[in-house]
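Novice: For the protein sequence lines, the chains are A and B, in the order given.
So for the first sequence, numbering that gives the first Met the number 0 puts the first residue at 0; every next one is plus one.
So for the second sequence, numbering that gives the first Met the number 0 puts the first residue at 0; every next one is plus one.
Keep in mind that the hints were calculated from the coordinates and are not lab data.
Keep in mind that the hints are not guaranteed to be accurate.
[To be verified] Listed below are the simulated SDA-like cross-link pairs for lysine to any residue, each with C-alpha atoms no more than 25 angstroms apart in a straight line:
#, chain 1, residue 1, chain 2, residue 2
1, B, Lys49, B, Ala122
2, A, Lys153, B, Gly142
3, B, Lys146, B, Arg190
4, A, Lys122, B, Ser118
5, A, Lys124, B, Asp112
6, B, Lys220, B, Asp261
7, B, Lys75, B, Val267
8, B, Lys202, A, Ile46
9, B, Lys146, A, Glu106
10, B, Lys202, A, Val38
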Amino acid sequence: MTLTIVRIYHDLLGTYGDQGNAEVLCHRARARGIEVELVEVTPGEPIPRSADIYLLGGGEDGPQLAALEMLRTDGGLKYAAAGGATVFAVCAGFQIIGESLPGSGGETISGLGLVDAHTHYPKSKRSVGELVIAPTRGGLPILTGFENHQGFTKLGSEMPALGRTLSGVGNGFYATEGVWHGNVIGTYLHGPALARNPELADSVLQCAAGPIAKFDDEFATAFAQERRQTLWSHEKTHPIVLGVGFSRGRASGLQFP
Amino acid sequence: MTSSLRLKIACALGNTAGSLSRHLNRGRGETLAGRVILAIYPNAISELTKNRDVVLISGTNGKTTSTSNLVGILTKFAGEGVSTSRSGANMPAGIVTALAQEPRHRLAAIECDEMYLPSMYRAISPSVVVLLNLSRDQLHRTGEVRKIAQLWQETFTKDDVTLVIDRDDPFVEYAASQAGHVIRVSFGGRRHSDGATCPQCSKILDWSTGNYACSCGLGSKLADVRSDKKLNGPERNTVLVTEAARLMGAEISAADAQELLDNSPDRVSQFDVDGRMISTHLAKNPESWREALAGISAQQVILSVNARGIDGRDTSWLWDIDFASLQGKKVVCTGERRLDVAYRIKVQDCDVVVAADIAQALTYFPTGVVQAIASYTAFQDLAARELGIIKVQGGQK
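Bound-form chain B, shown alone:
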């Protein structure tokens, strides 16, 4: 059997398995489809990306939003179709399914889980890799933040790829320190909550200037792109993917870039529940919770926390977050680990009650504006199962 025929059969069987699983209501079937494809044709990812220009996007926060943002930017400014994984699947099985299902455009933008970035980089040989940020997340799986930075640093040692990075993040800067081609973007510096010591030499980092410096030289390389305005996480990610799009041939003027920045997609989704608009912020680790809390202006707040694998099985990160901004508001905690978060904010003197599920939580707030922050699977539950409601607006502002 020729290898291209074998690949076709693998993809066909995988897609069949996936749609079977979907029809049996066993989820979206992507992972199963991908596993079937990879079992029959282990090199499928390399084969499906041969002779294509691929951008890989990785980092702790904003991968899915940034990938879809990049697809939109490339489609508009490079004038070409772009293959991508639309669902946020970012491990090999999900990536291969997306590649097998999507039309074979010359351009592809693919989100990649932090731990799988080295193997996907080797399999895909991308033209550009965007490294958004690194902070503590799912420590039950990754162990330590700096271990991921080190894994990346050992991966990007050649000049066969261009990295686009947020150099203000010392872990990302360290990850790119051996790479041949790097576009360093700086946003004027900001304290990193996990950045007490140098990822390169373990000495205490000097943050006295608002930016990091170390005697080992980490952080001494100059930025290629500077943005001195204070930007939030989604905005910073927009700047990074705009630079990546430029590298891929998109012609984006300064005015266009500003417009993209002004319309940065965030992770707030709005749900209409019996006439109440509930804006829900997806957040799954301390850094994204801090961003989400900064956006809470309503007096009625729902916090929903689960601890399934993707959420992080250990909930102690809740204590890394300062919830003082919720003092004086009415807070309802729900999700499988509602007691974890309820006790955490109780210790910070917040007015809190617990509710068994999101429907019960909403009974506390019959009218008015409600803002919710939900961990990953709690967010999915909110969107899909608990309420069976229609998502009216999400992902893109």
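Isolated chain A (complex conformation):
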């Protein structure tokens, strides 16, 4: 099979290195013998409607709104997502795929509406720093990344978060971080997220390609573990607590020391 990965407007949504997510997905897919085609879509070009994975990254406020307007007019991403395509969106990209977000004058404008998420700009200062989350889905270890955003994102009651914030801000509401609804994942994790969290990269691949073979990449694993251990030493000392959390499928009931 050939997996088609679309990197959307990386000129506009690539300020924080998230374009690396595409490279990681390609690398990990090819390592398993899956053929990959990476499609770069630049502003003004149409978004392919039948690709497997769509990637959006973080960007500055002005470029974010420019990207949103083009995506809205084009319609391709929404069409593909409605058909079950996988979407992985970071930071500004996460805000874009929600229901609403602040416009250039601070007014509320509508997003693409792929997930029920509403972004506001709180008066508090920008959320900047390392972010550590406990994923809500089984099988995934602690995820780490670097967040750098002004917005807070409130999920609708039916929307499962990607994880629960252990350290850092994340969505800014009820210790939630990101969203994982169907095949659509949104997050505030930069790093890039899929470089720092190979297991999450594989989850994205599985959304699009189904079950995939195990693949150990020495550097990827060492990198992910180094970050995890530096930022969240509790993982080593309290593995049972985390295990319970995963098996219940919800992180919100967890109590961490």
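Fit chain B to the supplied structure of chain A, relying on the hints for placement.
Specialist: Just chain B now, kept in the frame of chain A:
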């Protein structure tokens, strides 16, 4: 107490605190000295620059090199002493220390951090401000590139200063768009990696001509100085500071300017380690890493990355850089964030190993030519702590 006496006391106490800190091996003591001075005399920077002709130099890349270059040019061609901050200290505490320690020459060339440029401009009332370039750097601190451009644009709204700018950089052009006096230098245009949208109106910039254009009019003002030869970053900065020196009264002929350009200082330092010459390029953000990578010709390469404050605490910018030019070479990654950079280049199919520190990294390369690229604090570590070696040549070519 008269204010001049108070200033003298502030400077004396600051210098004492600084040298105490130095003797206790707590670093160079500049920041502490500056904090003491500013605590006792908050207007010290204004006071110390009164009745002096000051050039402020700011931008993402090349501030320190350009400032020392300008000092050299002014000393030679204006025939006067120049006060400056020699160490690269570019925030208020460092700037005030430099001003307090240096002899009070009429001329001063001062490097300024991008975020502090507005407050230093107001405190100093410089004659000339050189705006070198703006690109993504330390985003954990600055948030967005265009926020700095906007901060500058809101600062330079009068005609009490002359700006010397690289107008090919849309962020710098936007920063100068409200200023009264601007010397616009153009190098024939070049694509800016952060310049997809207009810093002024957020519309998509048109780069089809190799230069930017926007319906809002950004970039439509003509250049005052043109250089059509393709120049690298250090060379462009030399042209800008040469123009600044001219504004300060230096008489520089076209032949002299060409000679200055041909000898543009770059950020490569050479270290002699057990008979091996290791040339090390200081680079701290995507743009300066791209410049540095373009200069890599050796087969043995060391990449050293830290993520302390000044380096940028977020390392994801490593993925903004194309490392394909390192394919086929032997690469050793070191520094506190060696795994970040090692995995990044592994994904681009480079032959890479990691080493705990620079000394271990060098064991992979017992002979031959080694080129290194190091982020800011990793560079300092290389120069000072890890090896304790003598810098044989640096800063100036």
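Novice: Let me make sure I understand: some of the numbered hints might not hold for this structure. Which ones are they, in numerical order?
Specialist: Violated hint: only 6; rest satisfied.
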